[in-house]
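Based on these hints, arrange chain R with the ligands on the given structure of chain Z.
In the order they appear, the protein sequences are chains Z and R. The numbering of the first sequence is numbering that gives the first Met the number 0, which starts it at 0 and goes up by one. The numbering of the second sequence is numbering that gives the first Met the number 0, which starts it at 0 and goes up by one.
Hints should not be assumed to be uniformly reliable.
[As the list claims (entries may be wrong)] Computed far set for chain Z versus chain R, every beta-carbon distance over 12 Å:
id	residue
1	ALA31
2	ASP112
3	ARG218
[Claimed, not checked] Covered stretches of chain R, going by a simulated chain Z footprint (3 or more residues, C-beta under 8 Å):
id	region
4	398-406
5	414-427
6	446-452
[Unchecked claim] Pair by pair, the computed Cβ-Cβ distance ranges are:
id	chain 1	residue 1	chain 2	residue 2	range
7	R	ARG242	Z	GLU214	22 to 32 Å
8	R	CYS437	Z	SER268	20 to 30 Å
9	Z	GLY107	R	GLY287	43 to 53 Å
10	R	GLY287	Z	ALA86	43 to 53 Å
11	R	ARG242	Z	GLU66	31 to 41 Å
12	Z	ILE17	R	GLY401	13 to 23 Å
13	Z	PRO82	R	GLU114	33 to 43 Å
14	Z	ARG103	R	ARG387	38 to 48 Å
15	R	ARG242	Z	GLU192	55 to 65 Å
16	R	ASP344	Z	GLU192	46 to 56 Å
17	Z	PHE265	R	GLU398	44 to 54 Å
No wet-lab data here; the hints were simulated from the structure. The C-beta atom is built at its ideal place from N, Cα and C for all residues, glycine as well.
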Amino acid sequence: MVGAACALYAARAGLDVILVDRGPVAGGTTGAGEGNLLVSDKEPGPELDLALLSGRLWADLAGELGEAVEYEAKGGVVVASSPGGLAALERFAEEQRTAGVVARTVVGDELYDLEPHLAPGLPGAVHYPQDCQVMPALAAAHLVRASGARLLTGRTVTDVLLTPDGAVRGVRTDQGDIHTPVVVNAAGTWGSELAALAGTRLPVLPRRGFVLVTEPLPRMVRHKVYAADYVADVASDSAALQTSPVVEGTAAGPVLIGASRERVGFDRSFSLPVVRSLAAGATRLFPFLSDVRAMRAYLGFRPYMPDHLPAIGPDPRVPGLHHACGHEGAGIGLATGTGHLIAQALTAKAPDLDLSPFRPDRFPVAEESA
Amino acid sequence: MTEQPHLAVIGAGPAGLAATVAAASHGVRVTLIDSAPEAGGQFYRQPAAELRARRPQALHHEWRTWERLRDGLRTHVQAGAVRHFTDHHVWYVDRRDTRFTVHALFGPEQEEPVEVRADAVLLATGGYEKVLPFPGWTLPGVVTAGGAQAMLKGTLAVSGRTAVVAGTGPLLLPVATGLAAAGVEVAALVESADPKDFVRRTRALAAQPGKVAEGAQYAAQLLRHRVRTLVHHTVVEAHGAERLEAVTVAALDADGRVRPGTERRIPCDTLAVGHGMLPHTDLAETLGCRLDGLDVHVDDEQRTDVPGVWAAGETTGIGGSALSLAEGHIAGRSAAARLHGTEPDPGEWAAAAKSRSRLRAFFAAIDSVYAPPAHWTEQITDDTVVCRCEEVTGGAIREAVGELGAGDARTVKLLTRAGMGWCQGRVCGPAVAGLAGCELTPSRRPFARPVPLGVLAAAGEPEDD
Ligand SMILES: Cc1cc2nc3c(=O)[nH]c(=O)nc-3n(C[C@H](O)[C@H](O)[C@H](O)COP(=O)(O)OP(=O)(O)OC[C@H]3O[C@@H](n4cnc5c(N)ncnc54)[C@H](O)[C@@H]3O)c2cc1C
Ligand SMILES: Cc1cc2nc3c(=O)[nH]c(=O)nc-3n(C[C@H](O)[C@H](O)[C@H](O)COP(=O)(O)OP(=O)(O)OC[C@H]3O[C@@H](n4cnc5c(N)ncnc54)[C@H](O)[C@@H]3O)c2cc1C
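With the rest of the complex left out, here is chain Z:
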């Protein structure tokens, strides 16, 4: 997804773009996740700023590609399960509003007007109209097509070619070399491997997630709905957000329930306990789902970085190398902003956002090896 967005904005900035992937379009994590474009789950800071920028760009793209990518500005509803939880959610929303998020508390009948099939007796929720959705694989494929970039699928990058003074001069693939002064690393969860080919380090690691898919239903779930409560984490000075799975209806009918988060490397084996907890979380929010059948479950590996922020922009250690990876559980949502910022960097324009929080070389070596 991120590579597709980089290709689109770079091409629209007038650059000649070649997109190389060892698999097909959307063959990586993009084809194994969901397409929530969320602001609701982000606290004020660089990630939220990127999400807001990305949201605006997605809305612009929707004018041209909305139907093809199944764009829906459906809004999110974050439900509290206790009155104390609601108070905490409202405090969180208050902070988000200062950063430009639209958030509105809904209680009582108003909540059930928004989501009639929610479990009865919930104290309230916060409604986030800026939360949206796309179908990730379609989004990636249509952004690539709209970019007009040359698409080389089934082609693996095996080396990054450098000049004697260490600047990028191209890539080697299993089917020949491609010469170019600029390479953008949008290899997602495998971004660290690509960085290594260029002789540099980028700590991108996999974080597994499962998604459950139900049989097709008429619209029963209207927004992206999840439960959230703040629980004070006694061990640290931070507060940890406990969330339940996001439940959402899709244009095609099935309800998606996702997603779990585990650090288990690239383990592809199915885990009943994990999937069971997704089902339990979803049925607690929407009791009617108990009788609805799960058709399938799939899993993917989110690309995460130690501080949970992506790497975006030029790598000062290797001239000509740019990074656009490590977006963890938000790479679909954050793809447009990332692509736009990369295009600005490639054309030497002042970036719309300060790139320093996303600097690829921000990790001291000690932390990387931890």
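Showing chain R with the ligands alone in chain Z's frame:
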């Protein structure tokens, strides 16, 4: 441990039955679990008892074997050595070290959870039919070869009066003769394989006297019922407004393309089509068993590479009921020995092992002869529905491949929804792979059956994890 070891056998077809009887005869408690209302699987699918078929054996040439297995099962059930769960749909098998939990759904709506704990699992889930699409294949009146056979065997009734049997593979013969024997007029048997390939393979085929005799028997029956056999032909299109009225068939040229000008129309109200079988491997795949291509990989004892998991019958490769019986027997014997902590002696199943090698060689030869037309995808027009569950057309799939960069079946699925519906791509999988120009590969289906979220939310023992 004083308790007898416990083996769960999934699937009560020839393989599962043979395994159950073999294991139970050697001191193992067995729970036999199958989704059908009665034992028998695809081959011994029984005429329902209440129809009181006068001579059900007329439909079964291996009736005696079936009677022996059925009686064996009954004896072991009465003795309490075997529990037989019918109407139980297994959706998942969980493995924790050396303990297994088989998760099934029971009841008319498949919604009541049942969990069976066992020391070992034997997968005998058989296969399912492969059908390749062509214009008109979704019309009412077009059924699978197995569907027509099941109708015959299960209820002794058929929907139509004039039938055409078409496709490729050894199953078309028994289906055509079965229909004819039941009084259906079989207007034609349309087989796409090239008879020249049979001639090339005569050595391998002739090494199987039993099988050749079986084939000769079918041929004689076809003659007797005056069934016209069109080899190296294919169905080009099925016609009809509300339901099937006729089919167009045509001859194939040497390259496997439709030979222009050879089309002819055959009126009929039933079209039974089949292009062979594919193994059911969902449960094995989720357990982490290695697959060889589309088949579950097993060793000489029918063990998969996952400790405690055996597999037998068509889940390990399509090969007919006699092969399933031999494999089931070996698997049951091996599991019984190993569950008692002893090394099995292959000498005890030497006869079964011998027929296993013979039949595997025979079906390998058969497989290279029976084939859909080399260019069958050309018959799928852009408006032919390929994925029936999600109503995805050939044109939509071609667009995903040609214009959106989908080079494989998984990406086609993501971009078009082909294969995301109720059958989870079991029907359209081969066609989608063909249109994408790639090999059919097993797709991951963690749930062998759709499972209610309420059941899933409570599955297993939460205190264990
Ligand atoms: C279960 C789950 C749910 C999720 N839900 C959401 C959500 O709701 N919203 C959201 O925004 N995000 C979500 N995500 C996260 C999102 O899917 C990812 O952040 C995003 O897909 C990352 O996109 P990417 O382009 O960086 O990586 P990818 O899509 O993985 O693309 C990287 C590409 O690089 C290619 N590649 C790697 N190495 C090489 C090489 N050497 N040569 C050639 N090609 C190479 C790969 O083939 C791959 O196609 C979810 C993720 C998971 C797992
Ligand atoms: C139309 C037709 C005609 C045939 N004619 C002949 C013939 O003339 N000669 C010949 O030798 N062979 C014939 N065969 C092939 C023969 O039926 C098979 O070779 C044989 O039945 C395979 O035995 P099996 O035990 O491996 O699997 P099957 O007989 O397929 O049994 C598998 C069993 O597992 C059950 N099962 C699968 N998954 C699950 C699950 N998740 N939960 C619970 N239960 C499950 C199924 O319901 C089924 O009962 C024919 C097949 C067909 C379809």
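Okay, the hints, checked on the actual structure:
1. ALA31: violated, 9 Å
2. ASP112: holds, 25 Å
3. ARG218: holds, 17 Å
4. 398-406: holds (count 6)
5. 414-427: holds (count 6)
6. 446-452: holds (count 5)
7. R:ARG242 x Z:GLU214: 22 to 32 Å: holds, 27 Å
8. R:CYS437 x Z:SER268: 20 to 30 Å: holds, 25 Å
9. Z:GLY107 x R:GLY287: 43 to 53 Å: holds, 49 Å
10. R:GLY287 x Z:ALA86: 43 to 53 Å: Since R:GLY287 and Z:ALA86 have Cβ atoms about 46 Å apart, the given range 43 to 53 Å holds.
11. R:ARG242 x Z:GLU66: 31 to 41 Å: Since the Cβ atoms of R:ARG242 and Z:GLU66 sit about 35 Å apart, the hinted range of 31 to 41 Å holds.
12. Z:ILE17 x R:GLY401: 13 to 23 Å: holds, 20 Å
13. Z:PRO82 x R:GLU114: 33 to 43 Å: Since the Cβ atoms of Z:PRO82 and R:GLU114 sit about 38 Å apart, the hinted range of 33 to 43 Å holds.
14. Z:ARG103 x R:ARG387: 38 to 48 Å: holds, 44 Å
15. R:ARG242 x Z:GLU192: 55 to 65 Å: holds, 56 Å
16. R:ASP344 x Z:GLU192: 46 to 56 Å: Holds, since R:ASP344 and Z:GLU192 (Cβ atoms, about 50 Å apart) stay within the stated range.
17. Z:PHE265 x R:GLU398: 44 to 54 Å: With Cβ atoms ~32 Å apart, the hint is violated.
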